[in-house]
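Can you make the complete structure from the sequences, with help from the hints?
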Amino acid sequence: MMRNRSFPVILSVVGLLTLGLVPAYAQLIGSVSDVVENIGDSGKVDWTNGIVMAVGIGAPPADAVNAAQARAMAKRAAVVVAQRNLLET
Numbered sequence: 001m002m003r004n005r006s007f008p009v010i011l012s013v014v015g016l017l018t019l020g021l022v023p024a025y026a027q028l029i030g031s032v033s034d035v036v037e038n039i040g041d042s043g044k045v046d047w048t049n050g051i052v053m054a055v056g057i058g059a060p061p062a063d064a065v066n067a068a069q070a071r072a073m074a075k076r077a078a079v080v081v082a083q084r085n086l087l088e089t
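Counting in our numbering, the sequence shown runs from 1 upward without gaps.
Among the hints, a few may not be true.
What follows is a set of in silico ranges between Cβ atoms, one per label pair, in the way DEER data are often shown [unchecked claim]: (1) V9 - I39: 51 to 59 Å; (2) D46 - I10: 40 to 48 Å; (3) V9 - N49: 41 to 49 Å; (4) E88 - A68: 24 to 32 Å; (5) A78 - N38: 13 to 21 Å; (6) N66 - V35: 39 to 47 Å; (7) R71 - W47: 17 to 25 Å; (8) D46 - E88: 46 to 54 Å; (9) A72 - V52: 17 to 25 Å; (10) P61 - D41: 40 to 48 Å.
No lab work stands behind these hints: they were computed from the structure. The structure presented is a predicted model; accordingly, all values stated were derived computationally and were not measured. Every residue, glycine too, gets a C-beta built ideally from N, C-alpha and C.
Written out as C-alpha cells, the structure is:
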C-alpha cells in the first residue's frame, strides 16, 4: 500500500527536476559554442578552448649557409613576428 502512494510522488519529483534542468542545460550548450574573437588581421582568441592563435611571416636571410638553415631562420622569424603581433594587440 505504501509503495503505491510513493511511486507517483517520486515520479512527480523526477519529472519536475527534469523539466527544470533541461532549459539550463540547453542554455549552457548554446552559450559556449562560438566564443572566438578576431584580434586585428593576424590573430584570434578562442575563449572556449583557451587557445591564442597568431600569424607571422618571416623571410629567409641572404647569408644563410644552406637551405636548411635558411628555412629554420625564416620559421623562427615568423614565430617572433607572430609573438610581436600578439603583444601589439
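How the hints compare with the structure:
no.	hint	in the structure
1	V9 - I39: 51 to 59 Å	55 Å, holds
2	D46 - I10: 40 to 48 Å	43 Å, holds
3	V9 - N49: 41 to 49 Å	44 Å, holds
4	E88 - A68: 24 to 32 Å	31 Å, holds
5	A78 - N38: 13 to 21 Å	20 Å, holds
6	N66 - V35: 39 to 47 Å	45 Å, holds
7	R71 - W47: 17 to 25 Å	34 Å, violated
8	D46 - E88: 46 to 54 Å	19 Å, violated
9	A72 - V52: 17 to 25 Å	24 Å, holds
10	P61 - D41: 40 to 48 Å	25 Å, violated
Taken one by one, the earlier hints fail for this structure at numbers 7, 8 and 10, listed in ascending order.
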